Amino acid sequence: MAVLTAISSWTLADVQHFARRAGFGLTPEAAAGLQTLAPAAAIDAWIDGTGAAYDATAFTAALATADVVTEPLVTANASDAGSVDVPAVAAPHAFLVEGTDAWRNSLNTAQALCAWRMQHNPYPFQERMALFWHNLFATGWHKVDNAALMLKQYQLFRAQGLARFDDLLAAVSKDPAMCIWLDSVLNNASGTNIPNENYAREAMELYSLGADNGYNQTDITQLARALSGWSFTFAEADYIANPASPSQKRVANAHFKVYDGSSISPDTRLWWGGTGTTSYTMHGTGSIALFGQTFDITSTANGWAKGENALRAIVSVRGAQCAQFLAKRLLTHFVTTGYSTQDLSDVAAMIQASAFDLRAVMKTLLKSQYFFDVANHFALAEGPVSWLVRAARMLCPALTAGAAQTPKGYPAWRLVTSNATTFDQMGMSLLDPSGPNGWKEHAAWLNSNTMRYRTKVAAALAMNETRGYNGTTYPLFPTFVTTDWFPAAPATAQAVYDRLAALLQPGPMPAGVPAGWLAALWPATFTWDAASQAKARELAFLILCSPAGQLY
Amino acid sequence: MTTRREFIQTVGATGAALAGLSACGGGGKGSSGGGGTTQPPIPIPSAPILVIVNIDGGYDWLNVMPPNAGTNLSVYQTKRATLGITDTSLLTDLGNGAALNNDFTGMDILNAQGRVAWIPGIGMPNPNLSHFTAQDLWGQGAATPAGTGWLGRFADAAFSPAGDVLRGLTVTSDLILMLKGASRSFVSIPSAGGYVFPAYLFSGTALPDAALLETGWGSALGAASPDAGYQAAAQAGKLFFDAQNNAAFGAGGSIAARTPTVPYPGDAAYPIKRADNGGNLTGSLSRQFKLIAQMIAAGLPAQIYFSRLGGWDTHSNQAVDHPNLQRALGGSIKAFYDDLATITTATGVAQDRVMILAYSEFGRRVQENNGGTDHGTAGLSFCVGKAVKGGMYGGYPDLSNLDGNGNMKFTTDFRSFYATVLDRWLGQPTATTNTLLGSNYARLAFL
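These protein sequences, in sequence, are chains U and X.
In terms of this note's numbering, the first sequence is numbered consecutively and its last residue is 552.
In terms of this note's numbering, the second sequence is numbered consecutively and its last residue is 1447.
Calculated from the structure, these hints are not laboratory results.
These numbers were taken from a predicted model, which means no experiment stands behind them.
Please note that a few of the clues may not be correct.
[What the hints assert, rightly or not] To be clear about the criterion: a stretch of chain U counts as covered by chain X if any three or more of its residues have a C-beta under 8 Å from a C-beta of chain X, and this derived list gives those stretches:
1) 179 to 188
2) 321 to 333
[What the hints assert, rightly or not] Using 20 Å as the maximum straight-line C-alpha spacing, the simulated SDA-like pairs for lysine to any residue come out as follows:
3) X:1238 / X:1228
4) U:328 / X:1238
5) U:440 / X:1133
6) U:328 / X:1132
7) X:1079 / X:1294
C-beta: ideal position from N, C-alpha, C; glycine also.
All chains, full assembly: derive it from the sequences and hints.
Shown next, in the form of structure tokens:
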């Protein structure tokens, strides 16, 4: 049974367990500081991104210098009665596409920006939840072919990752990147047209219920009809003939307006040159039978767009199945894959009782005795991106407003991500999962090839690799052994290991392994000199690459 | 080893009958180019190699091998009013009421040579139209042991746990369920160069001590941690080290360079271009095949290679995407097959030793919609090789007799396909094959 009542006290090991799962770990000093706080209040503040711990000054300043284009807020336009504005990314760091400046549409650059944010965001839970939702609502750049849209979706996860799940599901269903990814842009079910089932199927199978869990083929077809015409269009000046055609998929200005069927006035702009169809006329009408109930998809309901009541029925009518699905995903990412049937049932019941309020769900789960059970410490294998981010957070100096480590924030990450698709070779091409089912987690992260690439990036990080870029040589991950890793000089080889283990937090090591490494690295008298400092780098590399170093 | 065919046990009535109908057929009539004389199959070689091609995304094989006669044709014409391929000038007749889309580049030539065994209508009972469920079931092949695939279990049975690290390889960077065994998984080698520890990203000057890390891995393997992630990391790390230490790799952990003898799709010199804009086809599968050819030429002791071409989930824009995908798939197979003819290994000419097996998780809905096709059921698998008895095996689905969701009813269980390959290509005793697949499935007669 999963005991979901909150813990009342915590050890330093508990604090680090929490920080690894709900963020990207803490330095020993920061963890000790957090431990002095009452766990419930500290965890609330962590999840809410509030409290004294979150000084965003340097982060905000660095983002402001990032070489991205600012975007004016998109406002509702009375002449576009049928459109719903996509919330604009808050200035000043919106990331837009410009045909004249192709790098802005680069997957590599977008990946680097995401990873850099993970490394430096003082509110790490926001990034952790965004990563979680990115894996669940997995949308891939290789089909969307537009970095701005991918980053817009990612920002949606940051902004609404702790909303109610049905609100998040509705928002994702209107997201332009998702509309392209799963072909909502071509779901024409008006009249006798046959709906395109792709999004409706995955909305249930992959995003909310799970295969064979509370729906059938008829439900898929019916939901597809409810969501028909849920597409997006552009401001008049930004007309594109065919958003499904990569060769024409250039967005001059990110004034996306998602059409979700709520208008009673036709949208006169052609968006699909091949058929002359508008998103308005693609929407089916009448009523549908879904989950044994009838839903009107012609009218708006509860202020929702046409058909949205049907979409939300996934949560309202199939709440038990949806809660079970979410419980599985949350447990697999945040707690353990070794949950029992009863554990799953307990967490699912909690999700339903929390009315799918994700903030409440996460607070309950991450405060629970079940989460903190020592059996769940180091019970998961870490995904490659967050594994590397955590190591970078531990070994690289913190961001400071006055000392930009690399120009405009994130080119170092860009160098890492651009090298023979390193993220991809580690098994996780950020913003570009191979399919809509995202990445399998835990042991599935690890095979001979992904481990090979983990050794590569671990070497780059621990051994202070450099690379030239635009005439300047940069350390990929700037690290300083004496100032950051060892502010107090270690007196013994064992002290070197202890400090690095405290920073890198590997899982339990087999007996004798660290001792064997120390004996080989320091066979004679220990002196904290330059040679020993070089060996400390090698030891950090060994810890990072070890099987225990993959756990979190 | 030629007696392997004598290990034939239970030949399914359907497979045998239809094989009889088309024995060494498929070629000859209607062949559109370059075919020449149909040649008989060769004996199964002593060191056979199996190259798996995963046609990922569920391909619309009804447009690859459309019906061209009878009721099936009229149903197809009705349900594929805009996407259907019915112009006979675009098709090569295969007999048995089916034709080959000429966009499936080069496959008509291989077919005319009698080198292709087609299994239309291959599938499984009670499909739920999920990519992921279907892929897992194609991977598993049997329900037990959980978490293993049919080739992984083959590796468990056939590969030495202490060695044989390079006998099962995937040239993809992931490791799917199909390749996972209980004790022995495949090695992932997606590039020929630098398969070496520690493999700096850019500019390392002082190498970490490989021996120290290797010692750590060895200790980790022996530690027998109950944690699945720990075990996976330990096994994966050990596989990586064993592979990069293998003498089959050259100095520096790189396989000796080799220039293909023929242009592959994606190469500038490749004569077939994209159907829509004349640009180069995707070379993603070609690159994998070139790497496999390179590894075979280098003498790596691999018995099974796994490769993949994705992009087949054509819910939209099928009229543009599908011809290009077919050209890339068929062209890659034909180029690879030709390339293999010029590689001679210690155990013979590579073209004699290699059989290509292609599969997809399902076919697509018969009825088109909005420029694409939705998820369906039965698929088309095929094998290419000199030992293959070309022709069509199993029944072409009856398009006028669909299931309640408008999908085809499968005619050949995919495990019959596996059983045939395990018995007659990979040389497994019948009892072992049946154990690996959990039951005794009828064998097909193409080997």
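Results for each hint:
no.	hint	result
1	179 to 188	holds (count 6)
2	321 to 333	violated (count 0)
3	X:1238 / X:1228	holds (15 Å)
4	U:328 / X:1238	violated (31 Å)
5	U:440 / X:1133	holds (14 Å)
6	U:328 / X:1132	holds (17 Å)
7	X:1079 / X:1294	violated (44 Å)
In summary, the numbered hints that this structure violates are 2, 4, 7.
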